Amino acid sequence: MPLKATAGSPRHTFKYSAGFAATMALLHSLLKMLDRVSPAEVAYAHCDIPCGIYDPHYAQMAAHTVIRMVDLIGQLEKPGPNATGEQRQEFMNKLARYTATKEQHAEIYKNELRVLWGDYFKPEHVQQFPQLHDLVWKSMKAGSKGRQEINLLAAEEMLKDANEIATIFWKTKGVATYSAKAPYPTGRETVYPKIA
Amino acid sequence: MFPLARFRVEQRSMSPVLEPGDYVLVNTWAYKFHPPQVGDLVVFTDPERPGRFLCKRIADVRGDGSYTVRGDNEAISRDSRIFGPVPRGRIVGKVWRAARGKRRRGT
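Chains as they are written, first to last, in this note's numbering: chain V, 1 to 196; chain P, 1001 to 1107.
For the record, the hints were derived by calculation from the structure and aren't laboratory data.
One or more of the hints may lead you astray.
[As the list claims (entries may be wrong)] Each pair of labels, with its calculated beta carbon distance range:
| hint | chain 1 | residue 1 | chain 2 | residue 2 | range |
| --- | --- | --- | --- | --- | --- |
| 1 | V | 96 | P | 1083 | 48 to 56 Å |
| 2 | V | 35 | P | 1003 | 15 to 23 Å |
| 3 | V | 36 | P | 1002 | 13 to 21 Å |
| 4 | V | 34 | P | 1088 | 26 to 34 Å |
[Unchecked claim] On the chain P side, residues computed to face chain V include the following (Cβ under 10 Å):
| hint | residue |
| --- | --- |
| 5 | 1014 |
| 6 | 1025 |
| 7 | 1048 |
| 8 | 1054 |
| 9 | 1055 |
| 10 | 1063 |
| 11 | 1064 |
| 12 | 1065 |
| 13 | 1071 |
Keep in mind the model is a prediction, meaning the values are calculated, not measured.
Beta carbons are placed, not taken as given, at the ideal position from N, Cα and C, and that holds for glycine.
Turn these sequences into a full structure, and let the hints steer you where they fit.
Printed below as a string of structure tokens:
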């Protein structure tokens, strides 16, 4: 396939006639052989959609939600042996709603962190923060535990891991962080970026 | 040092001039005696990802000795619009020859 360039543009052109194309193919085979002996460096004509929009806050918020749901489930008054049908129904309804929300947000937490890990963080970030892989792995385990059980410690572990990942995330962006009690009913320490 | 470097092209921001799988031979001495010019195809080190190389076209020469680079396919190219101008020191050299195999890849 001959290469072409837009006519009249100042573009660098490779003038390929049919005979030249054959020579090019030969050169290509030659370079390909050479590549086996000593691989060429790759030059990327890079084409990612440079979205670049990432934020660990979603994961932190989801962890807060899981903590809140565990709290609410704990505060829920359990129907005694003499409870009426309506009371039982109300208990079941609330428990189901809290549990469903806990499930959803534990999953949001895991997904958000997986996206940061898989899409945002680059090999050089891992060189700089060698604990990153272990930390994300730990957060996945905490997320699963928080989802499966009514377990405040696991839910708090989720937030702790998300905070650590957030600290690393903002460091890679050159943004300083601070820790403060979140302005939610959960009130746990949360890492925030210092964005002026 | 021999003034030719080999690179294999990946991805499509320079299509159709360069397609994935093409090889380029880069003249690393091209800019010893005269500066890069608008329209030159150059290989340079990625300002955002150390250790990687990018291949783009020079779109503009700036007064301060740096260069604006663009992919030919602007819609899908990560270039100076994202990472700003490229200083001359990052430019490895000018693409001297490109070689494509008979079987066209990545259509």
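Checked hints:
no.	hint	verdict
1	V:96 <-> P:1083: 48 to 56 Å	holds (50 Å)
2	V:35 <-> P:1003: 15 to 23 Å	holds (20 Å)
3	V:36 <-> P:1002: 13 to 21 Å	holds (20 Å)
4	V:34 <-> P:1088: 26 to 34 Å	holds (29 Å)
5	1014	holds (4 Å)
6	1025	holds (8 Å)
7	1048	holds (9 Å)
8	1054	holds (5 Å)
9	1055	holds (4 Å)
10	1063	violated (19 Å)
11	1064	violated (22 Å)
12	1065	violated (20 Å)
13	1071	holds (6 Å)
Against the hints set out earlier in the document, violations occur for numbers 10, 11, 12.
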